[in-house]
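> Sequence lines, in order, name chains A and B. Counting from 1, one number per residue, gives the positions in the first sequence under the numbering used here. Counting from 1, one number per residue, gives the positions in the second sequence under the numbering used here.
In case anyone wonders, no lab produced these hints; they're calculated from the structure. On a predicted model such as this, the values are computed, not experimentally measured, just so you know. We put the beta carbon where it would ideally sit given N, CA and C, even for glycine. Just to be clear, a hint being listed does not mean it is correct.
What the hints assert, rightly or not - Pair ranges (Cβ atoms, derived): (1) B:ALA99 <-> A:VAL402: 37 to 43 Å; (2) A:GLU116 <-> B:GLU168: 55 to 61 Å; (3) A:THR134 <-> B:GLU169: 37 to 43 Å; (4) A:ASP65 <-> B:PRO65: 26 to 32 Å; (5) A:GLU87 <-> B:LYS57: 53 to 59 Å; (6) A:GLU87 <-> B:GLU168: 51 to 57 Å.
Claimed, not checked - Reference listing, derived: stretches of chain B covered by chain A, where coverage requires no fewer than 3 residues with Cβ under 8 Å from a Cβ of chain A: (7) 70–83; (8) 90–96.
As the list claims (entries may be wrong) - Under the rule of at most 30 Å between Cα atoms (straight-line distance), these lysine-lysine pairs were calculated in the DSSO-like manner: (9) A:LYS130 <-> A:LYS352; (10) A:LYS36 <-> B:LYS41; (11) B:LYS190 <-> A:LYS380; (12) B:LYS129 <-> A:LYS36; (13) B:LYS172 <-> A:LYS643; (14) A:LYS152 <-> B:LYS129; (15) B:LYS190 <-> A:LYS643; (16) A:LYS388 <-> A:LYS273; (17) A:LYS380 <-> A:LYS137; (18) B:LYS190 <-> A:LYS603; (19) A:LYS36 <-> B:LYS190; (20) B:LYS57 <-> A:LYS20; (21) A:LYS14 <-> A:LYS603; (22) A:LYS380 <-> B:LYS172; (23) B:LYS129 <-> A:LYS603.
Spelled out, the chains give:
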Amino acid sequence: MPDTPDYSWPAPEKRRVIGKRQSRLDGAEKASGRAKYSYDLNRPGMLYAVILTCPHAHARLTTLDTSAAEKSKGVASIELMAKPGEEIQYAGYEMVAVAAETEDQARDAIRKIKVEYEVLPHFVNEADLKSAGTNAKPSGEQTAGDPDQAFKDADAVSEGTYGVPIINHSCLEAHGQVIEWKGEALHYWPSTQGVSVLGGDLAKMLSIPATSVHTHMDYVGGGFGSKFSPDRWGPACANLSKKAGGRPVKLFLDRATELIIAGNRPSYFAKIKLGAKKDGTLTVWQSDSWGTGGFGGVTMPPLPYVYRNVPNRRLTHTSVSTNSAQQKAWRAPNNPQASYLTCCAMEDMAAKLNMDPVEFFTKNANYTNTPEVYSGQLAKAAELAEWKRNWHPRGQSGNGTVKRGLGLGVCTWFGLGHASNCRTIIHPDGSVAVELGSQDLGTGTRTVIAMVAAETLGLPVRAITLNIGDNKYPESGPSGGSTTVGGVSASTRKSTMNALLKLYEVAATALGTTPDQLEAADGKIQVKGTPARSLTWAAACRKLGTKTITEMGVNNQRGPGGLIGGGVGGVQMADVSVDTETGIVRMNRMVAVQDCGLVINPKTAESQVFGACIMSICAALTEEKIYDSQTGRVLNPDMEFYKLAGIGDIGDVVVYLNTEPEFDKRGVIGLGEPPTVGGLAAIGNAVANAIGVRVPMIPMTSNRVLAALEGRSA
Amino acid sequence: MSSTKHSGFSRRGFMRGVGLGGAVGTGLLEGAAEAQQTATKLAGPGAVPITLQVNGKPYQLTVEPRVTLLDVLRDHLDLTGAKKVCDRGACGSCTVMVAGKAVYSCNVLAIEAQGKDIETIESLSAEGKRDPLIAAFVDNDAQQCGFCTPGFVMATKAFLAEHPHPTEEQVKEGLGGNICRCGTYVGMRKAVLQAARQGGSHA
Chain A
1 MPDTPDYSWP APEKRRVIGK RQSRLDGAEK ASGRAKYSYD LNRPGMLYAV ILTCPHAHAR
61 LTTLDTSAAE KSKGVASIEL MAKPGEEIQY AGYEMVAVAA ETEDQARDAI RKIKVEYEVL
121 PHFVNEADLK SAGTNAKPSG EQTAGDPDQA FKDADAVSEG TYGVPIINHS CLEAHGQVIE
181 WKGEALHYWP STQGVSVLGG DLAKMLSIPA TSVHTHMDYV GGGFGSKFSP DRWGPACANL
241 SKKAGGRPVK LFLDRATELI IAGNRPSYFA KIKLGAKKDG TLTVWQSDSW GTGGFGGVTM
301 PPLPYVYRNV PNRRLTHTSV STNSAQQKAW RAPNNPQASY LTCCAMEDMA AKLNMDPVEF
361 FTKNANYTNT PEVYSGQLAK AAELAEWKRN WHPRGQSGNG TVKRGLGLGV CTWFGLGHAS
421 NCRTIIHPDG SVAVELGSQD LGTGTRTVIA MVAAETLGLP VRAITLNIGD NKYPESGPSG
481 GSTTVGGVSA STRKSTMNAL LKLYEVAATA LGTTPDQLEA ADGKIQVKGT PARSLTWAAA
541 CRKLGTKTIT EMGVNNQRGP GGLIGGGVGG VQMADVSVDT ETGIVRMNRM VAVQDCGLVI
601 NPKTAESQVF GACIMSICAA LTEEKIYDSQ TGRVLNPDME FYKLAGIGDI GDVVVYLNTE
661 PEFDKRGVIG LGEPPTVGGL AAIGNAVANA IGVRVPMIPM TSNRVLAALE GRSA
Chain B
1 MSSTKHSGFS RRGFMRGVGL GGAVGTGLLE GAAEAQQTAT KLAGPGAVPI TLQVNGKPYQ
61 LTVEPRVTLL DVLRDHLDLT GAKKVCDRGA CGSCTVMVAG KAVYSCNVLA IEAQGKDIET
121 IESLSAEGKR DPLIAAFVDN DAQQCGFCTP GFVMATKAFL AEHPHPTEEQ VKEGLGGNIC
181 RCGTYVGMRK AVLQAARQGG SHA
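The shape of chain A in the complex, shown without the other chains (with noise of 0.2 Å):
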């Protein structure tokens, strides 16, 4: 197509919008408590539902008898999740939904109900892969050279054991929704990540067509990779309504379920052993990695994690299946885990080599797909993080009882673009609406997507009037794997580029000119550099008549198709004091140098990065969904023993950003996931190099610290 526009961003010194830090243009709803989420709304009617779950870790449902229920006060409507007969494969299942007139009533009646089980042997506690027995299926071997013959010629050899836990996302909105039938519509109002696509999925377990389901959400509170899908409390919502003639229902889940059935990041094991040359070039990679996704198993992680190219290699998996719920994703899926056993693993073979991590990681950087981005991420951070004044050889930190240490972690990410389709429309009076099917998980999704229409119709962000999280608009992809600002910012871009281009057509008449010599800035149409032959934008859209222009953008693929790009680079380093006598680790400083192309908002992608960085600091030290292996159940379904970081556990964060033009010429790329992903390396190779001993596994709470300091296991 000759015709097609010139839909590249303008060279950095044109912008005028994108690259400037613009407050969110939600915050002030969301700070002063009016934002409303979907856990916020009260619709007249409306009533509460609560679900039953089952105690067991397995288990055979034998009776369930809700009669007594049902004669409960208040109750309106009840729906039955599981039948008897049926296998349970985790303590937390679904059993029973209740909807009454009160919360509380609700809760009344679920005591009622009436619920026997055949209990099975259950088994849940992975980490010693030994007692696995059954539930262990070996996944494959992967082998690459010859690593037997690398092993022999090596001048030093590395072995060690490495694990991360299962985590929870513990998003502090809960799952769920309100549903309410309107005749043979479904009005849906959910805590998600994708509100175009839901509706249908939702639609498909209740075989009803996608058409009769109208899915609306203006906020979400968290999600990091669990609210992609209705669930099974989607549906058992709709039925609750639908059973009480149509009435909303509120169904979000209690905190306990929430912790235990809403989101697992699978847990991943490995005993690795290097092999290296006396320079520090690594040339064997050995790895015998396990872990476990819940009742499914789970896949090999992408081990060695961005080291990928070490020339010999040997790897084997077993995939562990345990009574726990199942995996969801998982900020970066599987990528903190793969650079946490594959960045200590490295480090430890720095340190029997004597070397120094960043030189060694540097050396190496060659065995990356990008050497010369990483190489030059870890000098920065080095610098940030003032490492050579810092850092000391492995538990050379002094005789005091608290010892300080410094470690390294390194990410990457695919990025790129969803497919998104937005919508423009410019109005005779001037106003501007831009329209897509997306939603803002608090990444700042709205504020890049008014930015990007603002900068290519010349006018303030704050004339765009956004409409996004509702599938009544065009279609645009769910919010996961860092894909959605290149999607929106692409099919924003090119949707507000056309009709930008029809307006031109109208005005290039009125300014005695053709529409090819026009430019838009600064709330005026004009000809190409000559601000004196112009129109005012209000003028130029009346020159419309009684005509709107609705033009649309597509980004169609994940491809980078100019605007967009992926494959970034990052590296995270950890400052950290152990209190040798305690085993507390209190976070000093982190920071984090990160490669994310071209920025459209700085202010809220830094955010993402400090975000990124202090998730990666609880998962290091405070996070673990802790299994009982007597009984199956999690242990610490709430918030008190699920410990998050609070304001003051995270010491200082230091956010680096790359973008110096070789950076942003590669176009937008999503940054959500891949600062998250170096923290727990980091602060787990701080905490060796501190104290002078491995923590093999995280969180590093003060029993592995003082295990690994006695030497015993934890």
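With chain A fixed as given, assemble chain B onto it according to the hints.
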């Protein structure tokens, strides 16, 4: 409000209470003390009429005595800025002020909150005004998903009433009773210090 702002409330004591007792927050401690004084007064288990003074307005309601202040605010008054997250005094997302003190409203029964001024996050943006506290959170991007943010703003209001000129170290300690999952603490520290420079909440 200014007369009740400088109360004996100590955020540190608040934290100790939570840390030691698990689900025990100031709301319950306060309620327990009051229950001793009025040990002979029994209410319920059926619904009882109550009057709550919320954001300067009286509300007459009929609720069961077991219903929390949080559930009344959210389900009866449609004041949903206070969020229900842990529902047991561990996360701070439901923070409101009762008689000038920050409390976890999930740990206060609605009947206990009678006769006291209850201030919710909605009081900070009444009639279209924009409180400097909210502006500080927006300016410093001290939020992402935003679900914890109203609780943090209310905790900040109470904290600044007690510590009008805090150090960053005091901020780290003083806001330790709230949890953010997105990890917005870096912006929050700046926001609280900015709000302090501007004299705290004007509400």
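> Against each hint, give a clear statement of whether it holds in the structure.
Hints, one by one, checked against the model:
1. B:ALA99 <-> A:VAL402: 37 to 43 Å: Roughly 42 Å apart at Cβ, these two residues keep to the hinted range, so it holds.
2. A:GLU116 <-> B:GLU168: 55 to 61 Å: 57 Å, holds
3. A:THR134 <-> B:GLU169: 37 to 43 Å: 54 Å, violated
4. A:ASP65 <-> B:PRO65: 26 to 32 Å: Roughly 30 Å apart at Cβ, these two residues keep to the hinted range, so it holds.
5. A:GLU87 <-> B:LYS57: 53 to 59 Å: Roughly 54 Å apart at Cβ, these two residues keep to the hinted range, so it holds.
6. A:GLU87 <-> B:GLU168: 51 to 57 Å: With Cβ atoms ~55 Å apart, the hint holds.
7. 70–83: holds (count 9)
8. 90–96: holds (count 3)
9. A:LYS130 <-> A:LYS352: 29 Å, holds
10. A:LYS36 <-> B:LYS41: This hinted pair is violated, its Cα atoms lying about 38 Å apart.
11. B:LYS190 <-> A:LYS380: 25 Å, holds
12. B:LYS129 <-> A:LYS36: 19 Å, holds
13. B:LYS172 <-> A:LYS643: Measuring from Cα to Cα gives roughly 17 Å; hence the hint holds.
14. A:LYS152 <-> B:LYS129: Roughly 74 Å between the alpha carbons, so the hint for A:LYS152 and B:LYS129 is violated.
15. B:LYS190 <-> A:LYS643: Given that 30 Å is the threshold and the Cα spacing comes to 24 Å, the pair holds.
16. A:LYS388 <-> A:LYS273: Given that 30 Å is the threshold and the Cα spacing comes to 28 Å, the pair holds.
17. A:LYS380 <-> A:LYS137: 43 Å, violated
18. B:LYS190 <-> A:LYS603: 14 Å, holds
19. A:LYS36 <-> B:LYS190: 26 Å, holds
20. B:LYS57 <-> A:LYS20: Answer violated: B:LYS57 to A:LYS20 is near 42 Å, above 30 Å.
21. A:LYS14 <-> A:LYS603: Given pair A:LYS14, A:LYS603 holds - Cα atoms ~19 Å apart, limit 30 Å.
22. A:LYS380 <-> B:LYS172: Given pair A:LYS380, B:LYS172 holds - Cα atoms ~28 Å apart, limit 30 Å.
23. B:LYS129 <-> A:LYS603: With a Cα-Cα distance of about 25 Å, the restraint between B:LYS129 and A:LYS603 holds, given a limit of 30 Å.
When each numbered hint is compared with the structure, violations occur for hints 3, 10, 14, 17 and 20.
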